[in-house]
Amino acid sequence: MGLALVLALIVAPEDADQGISQRIFYIHVPIALTAYFCFGLGAIKALLLLWRGEERYDLESYVAIHQGTIFGALTLITGSIWARASWGVWWTWSSNQLVLFLVLFLFYCAYFMLRFSLEDGPRRARSSAVYALFGVALIPVSFLAIRLASDFIHPTVFTRDGPQMSGSMFATFLVCWGAVTFLAYVLYRVELAGKRLDADLRELREVLQ
Amino acid sequence: MTYLADVAALTRKDLRVELRGRDTLPAMLLFVLSTLVVFHFALPEGSGETAAYGLLWVAIVFTALLGLARAWVPEQEHRVLDGLLLAPCDRSAIWLGKTLATLVFLLAAQAVALPAFVLFFEPLDAAALGGVLLADVGICAVGSLMSAMAVAGRSREVLLPLLVLPLAIPLIVGGVGAAVSAEPERFLLFVLLYDAVFAVLSWASFEYVVTE
Amino acid sequence: MIRGRAIEKRYGRKRVLTGVDVAVPVGGFALVTGPNGSGKTTLLRMLAGLAAPSRGDLVVGADRSQVGYLAHEPLVYRELTALENLDLFGRLYRVPERRERIGMLLERFGLWDARSERVSAYSRGMTQRLALCRVLLHEPDLLVLDEPYSALDEDGAALLDRELDALAGARTLVVATHDPERLARLATQRVALA
Chain P
1 MGLALVLALI
11 VAPEDADQGI
21 SQRIFYIHVP
31 IALTAYFCFG
41 LGAIKALLLL
51 WRGEERYDLE
61 SYVAIHQGTI
71 FGALTLITGS
81 IWARASWGVW
91 WTWSSNQLVL
101 FLVLFLFYCA
111 YFMLRFSLED
121 GPRRARSSAV
131 YALFGVALIP
141 VSFLAIRLAS
151 DFIHPTVFTR
161 DGPQMSGSMF
171 ATFLVCWGAV
181 TFLAYVLYRV
191 ELAGKRLDAD
201 LRELREVLQ
Chain C
1 MTYLADVAAL
11 TRKDLRVELR
21 GRDTLPAMLL
31 FVLSTLVVFH
41 FALPEGSGET
51 AAYGLLWVAI
61 VFTALLGLAR
71 AWVPEQEHRV
81 LDGLLLAPCD
91 RSAIWLGKTL
101 ATLVFLLAAQ
111 AVALPAFVLF
121 FEPLDAAALG
131 GVLLADVGIC
141 AVGSLMSAMA
151 VAGRSREVLL
161 PLLVLPLAIP
171 LIVGGVGAAV
181 SAEPERFLLF
191 VLLYDAVFAV
201 LSWASFEYVV
211 TE
Chain E
1 MIRGRAIEKR
11 YGRKRVLTGV
21 DVAVPVGGFA
31 LVTGPNGSGK
41 TTLLRMLAGL
51 AAPSRGDLVV
61 GADRSQVGYL
71 AHEPLVYREL
81 TALENLDLFG
91 RLYRVPERRE
101 RIGMLLERFG
111 LWDARSERVS
121 AYSRGMTQRL
131 ALCRVLLHEP
141 DLLVLDEPYS
151 ALDEDGAALL
161 DRELDALAGA
171 RTLVVATHDP
181 ERLARLATQR
191 VALA
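Protein chains in written order, with our numbering: chain P, 1 to 209; chain C, 1 to 212; chain E, 1 to 194.
Just so you know, these hints were derived from the structure itself, not from any lab.
From the three backbone atoms N, C-alpha and C, an ideal C-beta is built for every residue, glycine too.
One or more hints might be untrue.
Unchecked claim - Take a look, some chain E residues computed to stay more than 10 Å from chain P by CB distance:
id: 1; residue: 15
id: 2; residue: 83
id: 3; residue: 98
id: 4; residue: 159
Stated by the list, open to error - If you anchor each label on the Cβ, the simulated ranges turn out as follows:
id: 5; chain 1: P; residue 1: 203; chain 2: C; residue 2: 200; range: 32 to 42 Å
id: 6; chain 1: E; residue 1: 117; chain 2: C; residue 2: 79; range: 17 to 27 Å
id: 7; chain 1: C; residue 1: 79; chain 2: E; residue 2: 154; range: 23 to 33 Å
id: 8; chain 1: E; residue 1: 15; chain 2: C; residue 2: 23; range: 36 to 46 Å
Make a model of the complete structure from these sequences and hints.
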């Protein structure tokens with residue numbers, strides 16, 4: 001799958017014809033979409049935990065949100081590069097999506113602070129799950145808030161961006177999106193397996209003592 | 001309706017505990033007044049009148065956080081929360097009682113802070129006040145739940161602001177917008193939407209946060 | 001009244017209870033014994049309904065309104081008076097003729113004179129007696145008591161002896177104790193935790 005990703009990234013610049021800002025777009029947007037997807041997955045697992053009560057959902061929710069946060073950080077970084085390439089500044093408040101990701105990034109970082117602060121057990125699992133659900137509720141509400149703020153409190157300086165894509169560019173975009181999603185999926189499975197192995201090892205150790 | 005009777009009994013209990021202990025409300029009052037004075041020195045000359053509204057909201061949120069941090073402390077001593085959970089009342093009633101009590105404290109602190117703000121800085125119209133009231137509900141609803149989460153762990157005083165601030169951002173947007181913009185209705189409606197969504201979420205999920 | 005099989009309780013990686021079986025008939029008096037850290041408190045919390053087992057089955061034939069639980073901590077508000085505490089719990093438990101019942105309990109446990117003082121001013125023994133009032137307030141069918149004698153002085157212990165004598169047989173009791181001999185005459189069964 002790493003091969004697919006690399007191929008996609010090479011293919012993209014070859015098709016791109018508008019310089020770096022366009023190329024970044026091919027990675028930036030898929031990464032952002034993947035982050036949303038991970039947060040959504042985390043929330044679904046959280047809901048399953050609260051509803052069914054099976055412990056494994058806690059770990060799955062945690063790993064999904066962990067991935068989402070990593071991809072969120074990448075969104076901010078690639079977004080910053082994009083802003084630099086397009087407008088010459090490292091940050092702008094006028095990109096609603098970027099600001100939204102900043103708020104979400106802060107929110108989900110607090111998720112890890114919450115987990116770190118609570119002792120392992122059903123309390124921590126449930127509180128994390130509830131917080132994860134608040135997260136997905138926050139996404140649309142925050143987006144609305146940022147829209148309102150940018151329209152009325154901080155009027156936009158730059159025009160809204162959204163490149164028009166021709167057929168071949170769209171195809172490249174899809175390939176990139178597929179590659180990034182696949183990467184996220186693989187990372188998710190790897191981390192989940194790793195954490196499960198960790199937990200199993202610990203249990204084994206305890207039983208043997 | 002026994003549900004409302006339970007909530008009333010619980011809110012009354014919280015008000016009574018605060019009246020006896022007398023540590024949360026005076027702290028909130030003093031904090032918000034001190035903050036407003038600090039803002040006078042923090043705002044450079046010619047910052048424009050609207051900057052003050054932004055700072056008002058910062059003061060409100062942090063004052064609320066002060067109150068929320070102490071919200072569940074009476075239940076921690078002697079582990080009284082277990083006693084409440086044992087009772088046959090609905091668990092969400094515990095959350096609602098606490099939220100209403102915290103709301104009363106926040107409104108009480110604002111009853112002093114808002115006139116002070118008008119005195120020191122800028123006038124507040126009906127829309128601005130409406131924004132304050134609506135946002136109070138949102139902060140108390142969400143904060144009450146987050147406080148219950150944080151109180152079970154360590155470093156709870158640090159954790160609570162981290163949990164609440166991202167969730168408070170939409171409220172600040174709504175509140176400042178209601179005070180500053182030429183079309184405050186949008187912002188007031190938005191805060192109302194926030195309240196509806198997150199109050200219901202908090203109400204429904206409290207049970208899961210406090211039980212095992 | 002209580003039927004539990006292969007109960008297990010884990011907090012993350014910590015295993016607090018493993019493979020516990022318990023069966024208490026209606027009207028039974030079960031003594032739970034075991035060294036510190038054996039999970040007595042955890043088991044009692046599960047019986048009272050405050051925690052659910054991680055694995056295994058547990059059926060308790062009484063809902064929250066019929067269970068009275070005495071914990072290590074008194075579970076009363078420090079800043080409120082005895083009257084106010086019991087009034088609050090009386091409302092939450094929907095106790096009929098609340099005031100009379102509260103008055104009667106306070107008197108029976110020797111707290112009537114201190115009824116309008118804040119709990120923060122009470123001695124440890126008085127607080128424990130108030131906790132007992134809280135437990136008995138709603139006349140529960142199932143009483144779960146975690147080391148009830150621990151904070152009591154001589155008089156308080158004598159009061160508790162009298163209460164338990166009266167309750168045994170009429171209600172179902174589960175009592176965790178370090179001193180099983182004291183209650184041996186009333187107990188119908190023992191549950192020993194490793």
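Now for the hints, and whether the structure bears them out:
The claim that residue 15/E is not at the interface with chain P is violated, since a C-beta of that chain comes within 10 Å of its own (minimum 7 Å). The claim that residue 83/E lies off the interface holds: its Cβ sits roughly 33 Å from the closest Cβ of chain P, which is beyond the 10 Å cut-off. Consistency note on residue 98/E: stated as away from chain P, and its beta-carbon is indeed over 10 Å from all of that chain's, at 33 Å minimum. At roughly 36 Å from the closest C-beta of chain P, the C-beta of residue 159/E stays outside 10 Å, upholding its exclusion from the interface.
Between residue 203/P and residue 200/C the CB atoms are about 39 Å apart, so this pair conforms to the stated range of 32 to 42 Å. For residue 117/E paired with residue 79/C, a C-beta distance near 21 Å keeps the hint of 17 to 27 Å intact. Restraint check, residue 79/C to residue 154/E: a C-beta distance of roughly 27 Å satisfies the suggested window 23 to 33 Å. Separated by about 40 Å at the C-beta atoms, residue 15/E and residue 23/C satisfy the suggested range of 36 to 46 Å.
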